[in-house]
Amino acid sequence: MSLVVPVAVLVTWQLLTSAGVLDLEFLPPPVEIGRALAVEVMDGELPVDLAHTVAVVLIATAVAGVVGGGLGVALGLVPALRIHVAASFDFLRTIPAIALMPIALLLLGPGPSTELLLAAYAATWPVLVTTAGGVAGVPDRLRDVARTLRLSAARTVGRIVVPAAAASWLAGARVAAIVALHVTVVAEMVMSPAGLGGGLVESLQGLNPPRMWAYVVVCGLVGILLQGLLRRLVPLGLTGRPAGAAGPS
Amino acid sequence: MTAPDDRARSPAGGTAYHLRGVGVGLPGRAGLRCVLKDVDADVAAGEIVGVVGRSGVGKTTLLRVLGGLLPATVGTVRLFGRPVTGPPPEAVMVFQDYAAALLPWRTVARNVALGLGGRLRAGERRRRVTEALELVGLADRGGDHPAQLSGGMAQRVQIARALAVQPRVLLMDEPFGALDALTRAALQDVLLGIQERTHTTIVFVTHDLDEALYLADRVVVLGGEPGTVALDLPTELPRPRHQLRTREAEPYLRSRHRLGELLVSGTP
Ligand SMILES: Nc1ncnc2c1ncn2[C@@H]1O[C@H](COP(=O)(O)OP(=O)(O)O)[C@@H](O)[C@H]1O
Ligand SMILES: [Mg+2]
Numbered sequence: 001m002s003l004v005v006p007v008a009v010l011v012t013w014q015l016l017t018s019a020g021v022l023d024l025e026f027l028p029p030p031v032e033i034g035r036a037l038a039v040e041v042m043d044g045e046l047p048v049d050l051a052h053t054v055a056v057v058l059i060a061t062a063v064a065g066v067v068g069g070g071l072g073v074a075l076g077l078v079p080a081l082r083i084h085v086a087a088s089f090d091f092l093r094t095i096p097a098i099a100l101m102p103i104a105l106l107l108l109g110p111g112p113s114t115e116l117l118l119a120a121y122a123a124t125w126p127v128l129v130t131t132a133g134g135v136a137g138v139p140d141r142l143r144d145v146a147r148t149l150r151l152s153a154a155r156t157v158g159r160i161v162v163p164a165a166a167a168s169w170l171a172g173a174r175v176a177a178i179v180a181l182h183v184t185v186v187a188e189m190v191m192s193p194a195g196l197g198g199g200l201v202e203s204l205q206g207l208n209p210p211r212m213w214a215y216v217v218v219c220g221l222v223g224i225l226l227q228g229l230l231r232r233l234v235p236l237g238l239t240g241r242p243a244g245a246a247g248p249s
Numbered sequence: 001m002t003a004p005d006d007r008a009r010s011p012a013g014g015t016a017y018h019l020r021g022v023g024v025g026l027p028g029r030a031g032l033r034c035v036l037k038d039v040d041a042d043v044a045a046g047e048i049v050g051v052v053g054r055s056g057v058g059k060t061t062l063l064r065v066l067g068g069l070l071p072a073t074v075g076t077v078r079l080f081g082r083p084v085t086g087p088p089p090e091a092v093m094v095f096q097d098y099a100a101a102l103l104p105w106r107t108v109a110r111n112v113a114l115g116l117g118g119r120l121r122a123g124e125r126r127r128r129v130t131e132a133l134e135l136v137g138l139a140d141r142g143g144d145h146p147a148q149l150s151g152g153m154a155q156r157v158q159i160a161r162a163l164a165v166q167p168r169v170l171l172m173d174e175p176f177g178a179l180d181a182l183t184r185a186a187l188q189d190v191l192l193g194i195q196e197r198t199h200t201t202i203v204f205v206t207h208d209l210d211e212a213l214y215l216a217d218r219v220v221v222l223g224g225e226p227g228t229v230a231l232d233l234p235t236e237l238p239r240p241r242h243q244l245r246t247r248e249a250e251p252y253l254r255s256r257h258r259l260g261e262l263l264v265s266g267t268p
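Chains as they are written, first to last, in my numbering: chain V, 1 to 249; chain S, 1 to 268.
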């Protein structure tokens, strides 16, 4: 059922463009985009570009997961740290990572590592913020449990705080993957001929709308697949339901 | 859990808790609000003490002080002669809200193992978990997650988790309060059976006078505002207790009357 709208749009689009009703120079009919997509997949650079972008996005997300997760746990655990760095973090966080692109380009030059750095930087924030929130939100009762059982600080973190915050961390990682995709594509458009972003700009400059549209479609598919993958990774009920859900006694 | 002499406890093993002039202030609307004042109490080793009193009088607060989870603002709190400055190694608390006190991502067995630190060998840890689960009658549920348990089972898991560390003192906040009458009676007897074998000192809070009398050697009534000990009543009931006979015994009814008078009318 959810396919009804997109299919209707595609069919209308196809009919309007092939009947000549809609005649924009750079709006090819869907069939032509499909053909371009097939050509690009078969013997174009699309597979290489796709692999490049996906690799950058995955690495950036992984880096963000580790760095954001670690900083988030530290920030959530140590209120003093939170007070001292929260203001600077909030400031940094509000600067769009895309706005930092010219600076990164000047300082580090174009290339995959600059792309990766920007994407990882941007993707770290959502992980950091949600993880810190998850850690700070560990229920007081669980802290009481840790205390009465005299768990060491390390065990309290490892056995209670981190697992309790894991769901928040994963939620942050999902956002991070999409942020990383956005930043990577833009970075590729701005600074390097590689990746999906590079391909998009190339098609634009080569006045090849079907190819450009094919790249747009692939960007969308990557986003959808990435979300699906991460949702699969989040084992439902990771933190489980509380006890007693099965009945009163 | 193991033989009683294993842990060098006997019913006549001296004083467990010793409280003198204990007062607790908690943050309220206008600064510190005095919740408990001038609390004097002693708990002998191996004794079972029930704490009752109207809602909000400070029962949970008192138990948290005993468990070292909350420092007394003034006064002396000693356990086995040593001042309580944090959660003492001898005492473990069983919380009222069992659903919030279990780790939902751990199995029952791993919840029970939570307090068994790195000092124990893996085999010994497993043995303790199995024993504790057997004591509460959940030997076959070790692989379940808390969400698969009923409320009564979840509370038994929390009790097993406390027992697994082989505490000398068990502190329980309205342990059976949320359970239906039959489950509650069954768990009361489970608890008494365990205590008979281990001679664990037990301090528990309840809002149920009958539960206090049935389980305890002594019932402490908190009253007033700020809360303080209004009555300290030995139950003088023989053990083992019996769900019907104990409740029909003459001393039971006399104590029941006394407590009822105090808590309902407010005149001791
Ligand atoms: N963390 C807290 N901070 C401030 N006041 C509290 C806190 N916990 C309990 N109180 C107050 O202390 C009083 C006693 O609470 P409590 O010990 O929970 O009572 P009881 O267990 O007897 O019902 C109540 O008036 C309650 O509002
Ligand atoms: Mg209470």
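Treat the hints as calculated values from the structure; they're not laboratory data.
Treat the hints with care, as some may be off.
Stretch by stretch, here's where chain V covers chain S in the computed footprint (C-beta under 8 Å, at least three residues) [as the list claims (entries may be wrong)]:
#1 48–56
#2 111–122
#3 200–210
Incomplete in silico selection of chain S near chain V, CB under 10 Å [to be verified]:
#4 Arg64
#5 Pro71
#6 Gly75
#7 Val94
#8 Ala162
#9 Val165
#10 Leu171
The C-beta atom is built at its ideal place from N, Cα and C for all residues, glycine as well.
Hints versus structure:
1. 48–56: violated (count 0)
2. 111–122: holds (count 3)
3. 200–210: Three-residue rule not met by the segment 200–210 of chain S, so violated; n is 0.
4. Arg64: Arg64/S check passes; min Cβ-Cβ to chain V is 8 Å, inside 10 Å.
5. Pro71: Interface hint status for Pro71/S: violated (12 Å vs cutoff 10 Å).
6. Gly75: Gly75/S check fails; min Cβ-Cβ to chain V is 21 Å, beyond 10 Å.
7. Val94: Interface hint status for Val94/S: holds (9 Å vs cutoff 10 Å).
8. Ala162: At 8 Å from the nearest chain V Cβ, Ala162/S passes the 10 Å test, so the hint holds.
9. Val165: At 7 Å from the nearest chain V Cβ, Val165/S passes the 10 Å test, so the hint holds.
10. Leu171: Hint holds; Leu171/S Cβ to chain V Cβ min 8 Å, cut 10 Å.
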